[in-house]
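For the record, the sequence lines run as chains A and B.
Terminal number for the first sequence in the numbering used here: 373, no gaps in between.
Terminal number for the second sequence in the numbering used here: 373, no gaps in between.
Since the hints were made in silico from the structure, they are not lab data.
All figures in this text were calculated on a predicted structure; none of them were measured in a lab.
Treat each hint with caution, since some may be false.
Same chains, same names: a pair is fine if it fits in one copy or spans any two.
Subject to a maximum C-alpha distance of 25 Å in a straight line, what follows is the list of computed DMTMM-like cross-link-like pairs (lysine to aspartate or glutamate) [said to hold, decoys possible]:
hint	residue 1	residue 2
1	K199	E359
2	K199	D139
3	K199	E51
4	K199	D181
5	K199	D27
6	K199	E280
7	K199	E261
8	K199	E163
9	K199	D227
10	K199	E291
11	K199	D31
There are 2 protein chains.
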Amino acid sequence: MTHPLDLTTDVVTLTRALVDLPSESGREAELADAVEAALRALPHLTVRRVGNSVVARTGLGRAERALIAGHLDTVPAAGNLPSRLADGRVHGLGACDMKGGVAVALRLAARIPAPVRDVTYVFYECEEVEGDRNGLAHIGAECPTLLADAALAILMEPSDAGVEAGCQGILTADIVVKGARAHTARAWQGVNAAHRAARVLQRLDDHTPDRVVIDGLEYREGLSAVAVRAGVAGNVVPDECVVTVNFRFAPSRSEEEAEAYVRGLFPEYEVRVTEVVAGASPHLDRIGGFIRALGAEPRAKLGWTDVARFAALGVPALNYGPGDPSLAHTAGEYVPVEHLERCETRLRTWLS
Amino acid sequence: MTHPLDLTTDVVTLTRALVDLPSESGREAELADAVEAALRALPHLTVRRVGNSVVARTGLGRAERALIAGHLDTVPAAGNLPSRLADGRVHGLGACDMKGGVAVALRLAARIPAPVRDVTYVFYECEEVEGDRNGLAHIGAECPTLLADAALAILMEPSDAGVEAGCQGILTADIVVKGARAHTARAWQGVNAAHRAARVLQRLDDHTPDRVVIDGLEYREGLSAVAVRAGVAGNVVPDECVVTVNFRFAPSRSEEEAEAYVRGLFPEYEVRVTEVVAGASPHLDRIGGFIRALGAEPRAKLGWTDVARFAALGVPALNYGPGDPSLAHTAGEYVPVEHLERCETRLRTWLS
Numbered sequence: 022m023t024h025p026l027d028l029t030t031d032v033v034t035l036t037r038a039l040v041d042l043p044s045e046s047g048r049e050a051e052l053a054d055a056v057e058a059a060l061r062a063l064p065h066l067t068v069r070r071v072g073n074s075v076v077a078r079t080g081l082g083r084a085e086r087a088l089i090a091g092h093l094d095t096v097p098a099a100g101n102l103p104s105r106l107a108d109g110r111v112h113g114l115g116a117c118d119m120k121g122g123v124a125v126a127l128r129l130a131a132r133i134p135a136p137v138r139d140v141t142y143v144f145y146e147c148e149e150v151e152g153d154r155n156g157l158a159h160i161g162a163e164c165p166t167l168l169a170d171a172a173l174a175i176l177m178e179p180s181d182a183g184v185e186a187g188c189q190g191i192l193t194a195d196i197v198v199k200g201a202r203a204h205t206a207r208a209w210q211g212v213n214a215a216h217r218a219a220r221v222l223q224r225l226d227d228h229t230p231d232r233v234v235i236d237g238l239e240y241r242e243g244l245s246a247v248a249v250r251a252g253v254a255g256n257v258v259p260d261e262c263v264v265t266v267n268f269r270f271a272p273s274r275s276e277e278e279a280e281a282y283v284r285g286l287f288p289e290y291e292v293r294v295t296e297v298v299a300g301a302s303p304h305l306d307r308i309g310g311f312i313r314a315l316g317a318e319p320r321a322k323l324g325w326t327d328v329a330r331f332a333a334l335g336v337p338a339l340n341y342g343p344g345d346p347s348l349a350h351t352a353g354e355y356v357p358v359e360h361l362e363r364c365e366t367r368l369r370t371w372l373s
Numbered sequence: 022m023t024h025p026l027d028l029t030t031d032v033v034t035l036t037r038a039l040v041d042l043p044s045e046s047g048r049e050a051e052l053a054d055a056v057e058a059a060l061r062a063l064p065h066l067t068v069r070r071v072g073n074s075v076v077a078r079t080g081l082g083r084a085e086r087a088l089i090a091g092h093l094d095t096v097p098a099a100g101n102l103p104s105r106l107a108d109g110r111v112h113g114l115g116a117c118d119m120k121g122g123v124a125v126a127l128r129l130a131a132r133i134p135a136p137v138r139d140v141t142y143v144f145y146e147c148e149e150v151e152g153d154r155n156g157l158a159h160i161g162a163e164c165p166t167l168l169a170d171a172a173l174a175i176l177m178e179p180s181d182a183g184v185e186a187g188c189q190g191i192l193t194a195d196i197v198v199k200g201a202r203a204h205t206a207r208a209w210q211g212v213n214a215a216h217r218a219a220r221v222l223q224r225l226d227d228h229t230p231d232r233v234v235i236d237g238l239e240y241r242e243g244l245s246a247v248a249v250r251a252g253v254a255g256n257v258v259p260d261e262c263v264v265t266v267n268f269r270f271a272p273s274r275s276e277e278e279a280e281a282y283v284r285g286l287f288p289e290y291e292v293r294v295t296e297v298v299a300g301a302s303p304h305l306d307r308i309g310g311f312i313r314a315l316g317a318e319p320r321a322k323l324g325w326t327d328v329a330r331f332a333a334l335g336v337p338a339l340n341y342g343p344g345d346p347s348l349a350h351t352a353g354e355y356v357p358v359e360h361l362e363r364c365e366t367r368l369r370t371w372l373s
């Protein structure tokens, strides 16, 4: 059954309707059906379905094309359904991350049949889970031309209705400290890998991350142990201690440079890189017009978002959406009505 | 069904029969039945069953009583059943730890109806698992008089057919290092507990354990991290890191002194003691006669054994049994026939 989705209603009612149509990652089919049906009803859009993601494009032959994207999925519910309107806020699962932003984008798609720039709307699945399930990645791999002809991508991630430019890269690596097992009753016959890991942890504690300024925005880096694991049995000197580090690096570093940097900090240990994805530069030179039109003061995005996927396709991208990013994934998440209305008004003005 | 256990056969055949009657900890009933039946058939012994442990006592009114004990259980099988006789060794699960010793004790019980000193034989369950399941502890708690009237206890733990006197104590504690969570994209907003744990691990690495000499025997201590655990999620600065330490301490320290020692090393951290059991002093003054009679050179026992339970009952105890202790719990464990025969002969001489 496809729920009807009324794109002519106001943005608050539409946000609540989206929240009330649950779409935990991997279970977006019903919501994707509803979005697809609503968009196919609009004659000015060409609609394409890829998995449970939906792409809708105007084809007016404008000189420039913009892309507006939002993910359909949410983290699992936490007793925060159905939606609730109170204190000027829409409360409920995904209200902030990011059905409020999706509602804004759907309203723009429906209400502006002839924008001054062509627009590609993207509503995609599985953003909250492993990267290889990400709907935007699937579209980029299967149909890159659907995305790559945009001059600018606006990702409607919650950013307090302000512009957060670029994003950090992420590297995760295991630093492996080796020892030799022994019975603890004869500990001196072994080499305790956990004791030896003190040097790795102290080096992390002593490390001062760089503060990289790009286009006037500061991308402060961070290098953190996120896990330490050692232990064979209660009476055994452990022969291995693994320290997992998470490196958030400025977009000025490539993936290769980030990896070399971490390896260079721990030259005497085995370093197993398990994940590395580059960030995205802010490209204020290419998104400055948008920022000025919105009257926003850009900030650096700390954290990795799908803007990096657009950057990899050569499309400068930014985060711009309603909601406080620190509320994402919390049981009490909400989106202020004022944010919804401000984002919709400013984007409509920019497109009209 | 009770397997017949023939105590008149030679010690090698009896060891193999015991190995071939599996008795993983918690599953000793069948073996305990067999041992009980065989001992009840001997008119010079008074037999008592406690759970799956069996106590058999002579009652000759001798001036002195000795106790000979062995546990019936083994660790889980590791492809090392059934028993095998090769190269002058009995191979198989429990051959070393400690069905060889049990076979020696059963032979003594059967073949010496009128020993020069009264004897209490104890065959008990669940030595290889948590202390609160230990059969010797159960007997000590329920019927302490069955054990406490012995002037000397001989625990047939594998000790290369030599005397290992006393044993170390064990203390296990969690050292808890606290921090404050943050997203790794803003790591500077938190306090990384794993980084701070470097100081705990470095202190362990720098620590020089004491070498305590008692009655000429050296009880070398050891303080080892046996586990390190930290980690909330791949993008979270961890707010807690727990270092589990295992302290093997000389029998000169009481449980309270051992605890105060470890707490004194880490005064600025929360220290949660999860286990502390005292060791046992060698008491060479009280076991010297036995050692001289056996012509053995005593060594310090490194590691904790049930001799400490006898010590707590006021009974001086020692480890004396066939087999190399370093083979215990290995898939390739075996016991040399020469050890079996030497232990049986020497104990028989001492009792006859």
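Could you tell me which of the numbered hints above are not met by this structure, giving the numbers in increasing order? As far as the earlier hints go, 1, 2, 3, 4, 5, 8, 11 are violated by this structure, in ascending order.
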